[in-house]
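Undergrad: Letter by letter, the chains look like this.
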Amino acid sequence: MRIECRHPDHRKMSTPGRLCTILPPGFAALCFLALLTSTAALAQSSAKEDAARIIALEHAWNRAIEAKDTKALDQLLAPTFVAVDTDGSLTRKGEFLAGIKAPSYQPAEAFYEDIRAEVYGDTAVTVGIFRIREIQKGKRITQRQRFIDTWIRKGQTWQCVASQVTLMPAKQAQVPE
Amino acid sequence: MKKLFISAAFLAIASLPAFAQSAATDEGGRVLGLEKAWNHAIEAKDTKALDQLLAPTFVAVEIDGSVSSKSEFLASIKAPEYQPSQAVNEDMSVQVYGNSAVVVGIFRIKGMEKGKPYVHRERFIDTWIKRDGGWQCVSSAATLITAK
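Chains as they are written, first to last, in this note's numbering: chain A, 1 to 177; chain B, 178 to 325.
Be careful, since some hints might not be right.
Mimicking DSS-like on lysine-lysine, the simulated pairs with C-alpha atoms at most 30 Å apart in a straight line are [unchecked claim]:
| # | chain 1 | residue 1 | chain 2 | residue 2 |
| --- | --- | --- | --- | --- |
| 1 | B | K213 | B | K287 |
| 2 | A | K71 | A | K48 |
| 3 | A | K48 | B | K307 |
| 4 | A | K93 | B | K213 |
| 5 | A | K154 | B | K247 |
| 6 | A | K48 | B | K222 |
| 7 | B | K307 | A | K93 |
| 8 | B | K222 | B | K247 |
| 9 | B | K307 | A | K154 |
Simulated from the structure, these hints should not be mistaken for laboratory data.
Excised from the complex, chain A in its bound form (with noise of 0.2 Å):
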């Protein structure tokens, strides 16, 4: 029985006539069924990666925040990334960078409470709560803020491009020691 083979590439086959009619019927379409779910399982294998990679990226940010390591962050930030703060202020990375660096900076603690990743091939957005023990102005304060991140791959790694906090609510944002 010859088997036609209806493939929309059949003239770029090499041997399309001949492969066609020795296999079973259906076999082709079984391939490439094969190879769709390999393929979407391979782009979700990726993904899922990927996003482990960035979440591990964010917590080498707390720990380059909190050791005021601003060679660290310097290398996760894009040149050109932006960051809001929680009063509303935007900085770039020249003056976020020089802020971490200012004496009056002391940060005790950084870590995560929550935080999980979205990656869209090339691009990732991380959401989650960002909880810090600082020093400010000779105030000890903890506070909890929601963050949204952006971050875009760059060759083998990634960079953030975007920041925003937003304080958690009055009563477990702010909590004088």
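With chain A's structure known, arrange chain B on it following the hints.
TA: Same frame as chain A, now just chain B:
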């Protein structure tokens, strides 16, 4: 002939960055247009238009730090107690990164909520993704401007 070919190749390569920049400018303009459409949709409480602008995975952070999904966001716009009279962007800039774009700006909204008039100025960052030739917003964060 060879010289002509090299010159043509050089011209083509030299014009590539300019072409890429112009394409990014066009896409940036398109995204800024969608931001304006978003404001009109808010003023008109047009959730159908908003549904087109927002991705299914859309997430919003409100000025009180609460998070809402697309459906929650649309429901809040539809709510009878939400009565916006004016929604404008005072300032906006866009940065395009291939198939994504980040918009930063100041959003000014005037209206009535629970019988009380209000005017808010909020700094926002919106992230847009290009899919199937169109742009959709995947995240939007707003922070009340209290800084002088």
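Undergrad: Does each hint fit the structure? Answer for all of them.
TA: Tested hints:
1. B:K213 <-> B:K287: holds, 16 Å
2. A:K71 <-> A:K48: holds, 28 Å
3. A:K48 <-> B:K307: Holds, because 21 Å separates the two Cα atoms, which is no more than 30 Å.
4. A:K93 <-> B:K213: Holds, because 27 Å separates the two Cα atoms, which is no more than 30 Å.
5. A:K154 <-> B:K247: Between K154 of chain A and K247 of chain B the Cα gap is close to 29 Å, so the pair holds against 30 Å.
6. A:K48 <-> B:K222: violated, 36 Å
7. B:K307 <-> A:K93: holds, 25 Å
8. B:K222 <-> B:K247: holds, 15 Å
9. B:K307 <-> A:K154: Since the Cα atoms of K307 of chain B and K154 of chain A sit roughly 18 Å apart, the hinted pair holds (cutoff 30 Å).
Hint violations for this structure: number 6 only, all remaining hints satisfied.
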